[in-house]
Amino acid sequence: MGWNIIQVKRIMRSAVVYILIAVFAAWAIFPIYWIASMSFTPRSEIFSEHPEFLHSFTIENYINLFTSARPVTAALLNSTLIASLTTLIVIVIASLSGYALARFEIKYKNNFYFFVFATRIIPPAVFVVPYYIMYTNLKLYDTVPGMILAYTFINLPFAMWLMRQFFEEIPRSYEEAALIDGCSYFGTFIRVAIPLSLPVITAVGIFTFMMTWNEFLFALILTRYKALTYTAVLPGFFGERRIEWDLITPLSTIAIIPPIVFAILARKYLVRGLTAGLVR
Amino acid sequence: MKARNVGIIMLIPALAIMLLFIVYPTALAIYYSFTDYNVVKGSINFIGASNFVKLLSDYKLINSITRTLMFMALAVSLSMVTGIVMAVLIYECMLGRKIFATLFILPLAIPYVIIGLAFKFMLSYDIGVINYFLEVIGIGRVPFFGKPDLALLATALVDSWPGSAFVFLVTLAGFESIPRRIVEAALIDGASSFRLYMHVLFPMIKRFLVIALLFRLLDSFKAFDHIYMMTAGGPGEATQYISIYITKTSFDYFNLGYACALAIVILLALSLLAQALIKMLGLQKLRTTGWR
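In order, the protein sequences belong to chains A and B.
Sequential numbering of the first sequence, starting at 1, is according to the numbering used here.
Sequential numbering of the second sequence, starting at 1001, is according to the numbering used here.
Read the hints as simulated data drawn from the structure, not as lab findings.
Check each hint, because a few of them may be wrong.
[Said to hold, decoys possible] In silico DSS-like links for lysine-lysine, alpha-carbon gap of 25 Å or less:
#1 B:Lys1279 <-> A:Lys268
#2 B:Lys1098 <-> A:Lys107
#3 B:Lys1222 <-> B:Lys1147
#4 B:Lys1206 <-> B:Lys1147
[Unchecked claim] Selected chain B positions facing chain A (in silico; Cβ < 8 Å):
#5 Leu1089
#6 Leu1108
#7 Leu1270
#8 Leu1272
#9 Ala1276
Model, not experiment: these values are computed from the prediction.
Here a beta-carbon is modelled for each residue, glycine too, at the ideal position from N, C-alpha and C.
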């Protein structure tokens, strides 16, 4: 009677797996949980040396955040606007150019690979000075269209790559059927290729939105008052004598909601985006 | 209309943006790198290649590169090991796979700025929860951002938080791309778990692991947002990795010309690296035939 050794081994193995999973899950979640939890903690407890895990619940931090002299609401609105418009523009341009590169015979296409790769390798910090000068010259500094343009540029290579990858894999027979029936080249693009590529377009959209929403360096460098995004506002909470964690935590909690929602809803699109057809 | 022309027209928006954001700034950078543009004084003189000469003997730059390499080694190895372990765990997991997998990749959704802020808060000497915990269990508080070595460790740890999630994602994708019947065949033939992983699964996902490693190296090289928030290069210059160093030099207003020279050199070096990597990974065979 009782369990034999094989079953015991199996149970122990499962136990180990689940315990470890719990540990890693805690590691993955804890910082997020902590920031969110602290945002609902009274100020005095945030700055104390003995953080309580069962602390009193309050929303005073959120109130203080929005009534502070900082342009928080404007920044959040800017972020939303900029991220949304950039996503739209990137989707349009990336589909057009991805399709063109996949279908038409155009010289110098191989430079394209190099270019996409290079943008992945080069630290954005390298571009900071020239972009600052360029933006000032072109009067794009601290403007929302300026930021949209910059983020479009940042996201375009990767988006083009994804779209091109996808279009290469659609058999040409669909479009050739349409062409034979008298459709124009552009027409087949609109009527055949686009409808087929909605999943990829979704992936590109999600990825672009998240990248733009999360971006920091260019927001810091290229904005001042009018085009601030929430990321550019964050360093402003580093005061002379102390850091205003009681205001940072609510802003952070609000700011991480969109990307987390996207990540949860669109998990498989993330996988596709991040592994980007580099592995077959 | 000729097919080729349609294609070219479709490419115009992308090309326009690329031109604007690559050609113009590079031209600007090249121009300014030969000057000693000083924003504060407003003076600008042509000084030939002396910025570039200065670069060669800039010990601060060399130190920064060394530090960056040490950081990269630490951050990448940490995240590779952790990520692979996580992938194995999920692959072995029967119940709740999807939920745990989603939890594991959550760090990837968080903006790096906020990651830096969160860990700066948690690892803070006086008000950080981690230090409180260390004190409670008897080890005592640790000044994570106060000592150079600890700061290196702490920043590497923080970089591996989203990094391991990425490695996990790629490795799991690799595992799941292996046809189930191969795994079953191995198990039927009596392979132990160890054998299964070492002789079947890992060899088959080599390509995935290479991709994970490569991108981890690239991302840790570029690390900026979270490092900037946590230490801004400190204490002293202990965490002044290459991105931070470039930014600091760029905004040292006595040195915009020098900053441009630095930018150009780094761009060239990385372009060569990109070429080499493309050749190594065999990526350049693009299909060039198509509609005319």
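Going through the hints against the structure:
no.	hint	result
1	B:Lys1279 <-> A:Lys268	violated, 30 Å
2	B:Lys1098 <-> A:Lys107	violated, 44 Å
3	B:Lys1222 <-> B:Lys1147	holds, 23 Å
4	B:Lys1206 <-> B:Lys1147	violated, 38 Å
5	Leu1089	holds, 5 Å
6	Leu1108	holds, 7 Å
7	Leu1270	holds, 5 Å
8	Leu1272	violated, 10 Å
9	Ala1276	violated, 11 Å
Violated hints for the displayed structure, listed by number in ascending order: 1, 2, 4, 8 and 9.
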